[in-house]
Each structure stands twice: as C-alpha cells, then as structure tokens.
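Top line first, the protein sequences correspond to chains Y and G.
Be aware that the first sequence starts at 3, since it is given in this note's numbering, and climbs by one per residue.
Be aware that the second sequence starts at 1068, since it is given in this note's numbering, and climbs by one per residue.
Hints listed in this document are in silico derivations from the structure and should not be mistaken for laboratory results.
Predicted, not measured: the structure shown is a model, and the values here were computed from it.
Just so you know, not all the hints are guaranteed correct.
What the hints assert, rightly or not - Think about it this way: if two alpha-carbon atoms lie no more than 27 angstroms apart in a straight line, the pair counts; the simulated DSS-like pairs of lysine-lysine are:
id, chain 1, residue 1, chain 2, residue 2
1, Y, Lys120, G, Lys1285
2, Y, Lys179, Y, Lys140
3, Y, Lys82, Y, Lys58
4, G, Lys1333, Y, Lys82
5, G, Lys1285, G, Lys1333
6, G, Lys1285, Y, Lys140
7, Y, Lys120, Y, Lys140
8, Y, Lys220, Y, Lys232
9, Y, Lys120, Y, Lys82
10, G, Lys1284, G, Lys1333
11, Y, Lys120, G, Lys1284
12, G, Lys1333, Y, Lys140
13, Y, Lys220, Y, Lys58
Claimed, not checked - Derived CB-CB ranges, DEER-like:
id, chain 1, residue 1, chain 2, residue 2, range
14, Y, Asp244, G, Phe1171, 25 to 35 angstroms
15, G, Gly1204, Y, Trp123, 52 to 62 angstroms
16, G, Lys1284, Y, Ala247, 37 to 47 angstroms
17, Y, Gln163, G, Ala1328, 39 to 49 angstroms
18, Y, Lys58, G, Leu1288, 49 to 59 angstroms
19, G, Leu1288, Y, Pro118, 42 to 52 angstroms
20, Y, Lys58, G, Arg1181, 41 to 51 angstroms
21, G, Met1325, Y, Arg91, 53 to 63 angstroms
Glycine included, every Cβ here is placed at the ideal spot set by N, Cα and C.
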Amino acid sequence: MPEAVIHLENAVVAYREGMALHHVSLQVNRGEFVGIIGPNGAGKTTLLTVINGLGKLQSGLVSVNGVNVSRQNHHELRKKVGYVAQIERIDPRMPMSVRDVAMIGRYGVLGLFHAPHKADWQIVDEALEMVNMSHLAKRPIGHLSGGEQQRVAIARCLAQQPEILLLDEPTASLDWKAQTDILELVRHIHEQRGLTTLFVTHDLDALPHTCDRVVLMKNGEITGDGAPDKLITTVNLSRLYDLPAAQVEERRPHIHGQGK
Amino acid sequence: MDLSIFGYQFMQHAILATFLGGIACAVIGVFVILLHMPFIGVAMSHAAFAGALCGLWLGFSPVLGAFIFSLVTAAVIGPLADRGQLSPDTSLGVIFSLMLGIAFLIIGIMPSTRSEALGLLWGSVLTVTNIDLLLLGVVTLAVAGLVGVFYKEIQATVFNRQIALAVGLPATVILYGILFMTGATVTVSLNSIGGLLIFSLILNPAAAAYQLTYNMKKMFLLAALFGVAAGWAGLLLSYLFNLPSGATIVITSSLIFMVCAVFSPKRRAKKMPGKLTEAG
C-alpha cells in the first residue's frame, strides 16, 4: 500500500486579495514526482508553502510524514523539506561564495550553536558535484548566470538531505537548454535520492516525460489530478487557461489528437 | 608634533569610545548594507535622537528615551521589512521624517537651554563619561558576541530571509534581533557621535568593506577595522588641525569609503566580466 508523505485536507489559505487555496485536499505518496500546473494566481505557490509551513492555513489540515504542520513544529519539518523558489536576482557584490550558499542547506539541520564541521563541507561539496557546480564552488554567487544559480539552489536543497523536494517554477526565465538541463537534473536527483517531489511549472512540454502525475490548479482549487498523458489534453487546457479549444490546438499542435 | 594630549583622560576616553563605537557601528553597517536597507540606520539614529530629546524635555534619562524610541522604531520597521508590503525605503523615509519632525518639535517647545539638545545632534566624543563608555562597551561586546554565536543564522538571513526560513532557521527572530542591536548601538553612541553623524559611521566603513571582499567574515572584520581607523584618524586630524572631532571622524570615514570604491576589485570585475573572480 502506498505511503502518504504529504496529506492536505480541506486546506484554506486567504490573503487580503482573496482566497488562495479553496478547501484543497491532496495526497502525495512516497517517491512520487508530481507536476503542478495552472494559470498565474491559481494557488500553486501557496500549495507548496503550506507544505513547508511558510504559508499559514486559515483552516484545514496539512501533514508531512504523518505529522501535522503547525507553528510549533514547522522549523523541524522544514529541515526535511528542500525548497527551490523562482529565480531571484542576487546582488552581484554579495559577499558569499557558491559553497557558502550551498552550505545554508546544512544550517537548519545543524541547529543553533553548531558550526559546520568537515563532514558538512563534504556533504556540500558532494551536492555541488551532483549539480555540476564544483568548478564554480569558490566563485561569488552573484557572478553566476540564472541557470547556474538554480543549480546552486538545488545543491543547497541536497545538502539539506531532505525527504521532500518542492520546486516553484525553478526554470522560469531560463533559456530552453538551461530549462531542460535543470529538469533532467531534478528528475535524476529525485530517482537517485528516492525523494518525493512537487514541481510547479509552466513548461507543459516537459511534464509528460518528467512527472508521474499532474495536478491541475485554477482559482485556488484542484481541477484535475492524474497521469500527464491523460490529463494534458486540449479540453483540459482549454478549461484551465480559459482559452477556446481551437486556440489551444493552434498553440500546441503536437497534442492535437492525443486523448482529446 | 606634540602628542602629549593623548595622555589626558578625556582623550583616552575618546580613543576608547571611537574604538568601541567604530566596531559596533561598522557591524551594524554590514547588516543594513546586506539587507539593502541603509535607511534603517538613518531612521533609527533620528528616532534615538528624538527619544533622547524627549527624555531631556520630560526630565528622564536621554539614554532611556533614545532606547525606547529605537525599540519602537525597530518594532515598526520589523513587520514592514518582513512582509515587504511597502518599499522599505519609502516606509523608512516616512519614519525618518517623522522622527526628525518630533525632534525639532521638542527642540522648539523645550523651555530649557537648547545647547544640550544640539549636543545630542552633533555628539561630543571629547566629553564622553565613564557611564557612556560602560554602556558602549557592553553593547559592543554584545553585538560582536551575538554575531560570533549566530553567524551562520545571520549570514543566511541577510542572504535571503525566505531561504533561511525554508531551511528551518528562525529568520524572523534574527531579523528582529538585528533591528534590536541597531537600536541599542545607535542609543549608546548618541552622546559621543551624535544623532546626525552616527549614520555615516554605520554606513561608510561597511560600504568600504563591501567594495573589497566577497567573503562575509572578512567584510565584518574589514568594516570594524575601517570604523576604528576612521575614529582614530579623525581624532588625530581634529586635534592637529583644531577641527570639530565628530565632523572630522565622519569625513575621514567617507574618504576611506571613496578610496575603497576607487580601488575596488569588484569594480574591475564588472568592467571585465569574462575575468574569473574567486570569493575570498
């Protein structure tokens, strides 16, 4: 029987601008690679942030590894959850090297009053090796390209030695090659480390061959959940993005005829 | 050159005050620069100035007044910086002007002599008392100690608060701690450096260090070194040329910044983007 690692039940999150999650229920089992797609403002980022306790629930329940996420335990839970956010501009003069930034992943695990030991630096160096960033380990973080910075962010998560990986549009604003490289890297790490991965993306083409399962989100609700080849259809995309079916087919001619 | 003046107690006090204040202000400066909120220093120093005046006006300790006002300002800045609802510069600008308004309002309606009030504005490093030194010493030790003990948490928080939170660090507590330390440093430096001048001692040494290194530990050390150097060189120059000491210290710190900016390897790296630079 599959083991539920992430469990949301009737999760409600509201901001001043309105409701971001509208009674969302979702279960993710150990080892799954789940892609989350939907238009801007659908609540995708909020869904990720309630899982690592950065977002606050108005009502409902979120549990990770069978433990309810609360204000009392969110620091502890976050140590097991790696989080890669969208690319943010890093000050080119930031006085931190690539290695220093990857080490931040160890800081939560180490806890207060514990400085990193040799073993922690070894974990960081291995993580940088895995994302092919060893050669840039001593470079200032602000001197790297967007794609390289995202690799370092992934290395930071790996250094954390997490069980769950949450990625929030990690490839947005990258060029096509960098996008596909990062996707392959994430898939490879997911398999090698036996992680459970949730991946928010706008890259519909990449979904079928990276994800086991796709969740469609719109207006703070989950409107579809299943295998990518069954779910990414003209009809569903037309509903999801409020676009006439003909236009979806025009924009995505290669899905024409696939399980309409 | 007759340097016998350095044998007098008031001068030794001044040397010690600039040493301690130089270190504490420079460390705070590293925070405000890396958090990209240099206005924190301005808002906080003017809040302390207004608080001290409030104390003078109402007849309680100016240091206590300065501390209360700094804490209230930290409590207002904290949520603004944390939630990012307004541009931090805008909200800090509003706080700064409000504090300046309150300060000059109190100066205007204060019945007693105004020279004491203006003394707080300019500070007087040559009339530092034992109590001032003790407070400055305690705060400097506390600031340096806290940075030493919580270095990794501070490093992660100033790099990116969201990431620090996401890896399980109490980044919000650290942010408030930084604001609290800023308030305490500004308060105890008010008598010696003055409400108007303290901002430059916070900003200039750290900004100078920022030009020179890609290593955060080195940035803290260099900033402290520049802070102390500006204080001591300023004292010496003010004595040699009979200049006001506070203003000379500030101008010296600005000169240190300008020299570092001109010779910054980061500037050269920008001109030659292809050149490999290593952090260190």
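Verification of the supplied hints:
{"no.": "1", "hint": "Y:Lys120 x G:Lys1285", "in the structure": "holds, 21 angstroms"}
{"no.": "2", "hint": "Y:Lys179 x Y:Lys140", "in the structure": "holds, 24 angstroms"}
{"no.": "3", "hint": "Y:Lys82 x Y:Lys58", "in the structure": "holds, 18 angstroms"}
{"no.": "4", "hint": "G:Lys1333 x Y:Lys82", "in the structure": "violated, 37 angstroms"}
{"no.": "5", "hint": "G:Lys1285 x G:Lys1333", "in the structure": "holds, 15 angstroms"}
{"no.": "6", "hint": "G:Lys1285 x Y:Lys140", "in the structure": "holds, 15 angstroms"}
{"no.": "7", "hint": "Y:Lys120 x Y:Lys140", "in the structure": "holds, 17 angstroms"}
{"no.": "8", "hint": "Y:Lys220 x Y:Lys232", "in the structure": "holds, 18 angstroms"}
{"no.": "9", "hint": "Y:Lys120 x Y:Lys82", "in the structure": "holds, 21 angstroms"}
{"no.": "10", "hint": "G:Lys1284 x G:Lys1333", "in the structure": "holds, 17 angstroms"}
{"no.": "11", "hint": "Y:Lys120 x G:Lys1284", "in the structure": "holds, 18 angstroms"}
{"no.": "12", "hint": "G:Lys1333 x Y:Lys140", "in the structure": "holds, 15 angstroms"}
{"no.": "13", "hint": "Y:Lys220 x Y:Lys58", "in the structure": "holds, 20 angstroms"}
{"no.": "14", "hint": "Y:Asp244 x G:Phe1171: 25 to 35 angstroms", "in the structure": "violated, 57 angstroms"}
{"no.": "15", "hint": "G:Gly1204 x Y:Trp123: 52 to 62 angstroms", "in the structure": "violated, 36 angstroms"}
{"no.": "16", "hint": "G:Lys1284 x Y:Ala247: 37 to 47 angstroms", "in the structure": "violated, 59 angstroms"}
{"no.": "17", "hint": "Y:Gln163 x G:Ala1328: 39 to 49 angstroms", "in the structure": "holds, 42 angstroms"}
{"no.": "18", "hint": "Y:Lys58 x G:Leu1288: 49 to 59 angstroms", "in the structure": "violated, 39 angstroms"}
{"no.": "19", "hint": "G:Leu1288 x Y:Pro118: 42 to 52 angstroms", "in the structure": "violated, 19 angstroms"}
{"no.": "20", "hint": "Y:Lys58 x G:Arg1181: 41 to 51 angstroms", "in the structure": "holds, 50 angstroms"}
{"no.": "21", "hint": "G:Met1325 x Y:Arg91: 53 to 63 angstroms", "in the structure": "violated, 27 angstroms"}
Hint check: violations occur at hints 4, 14, 15, 16, 18, 19, 21; the rest are consistent with the structure.
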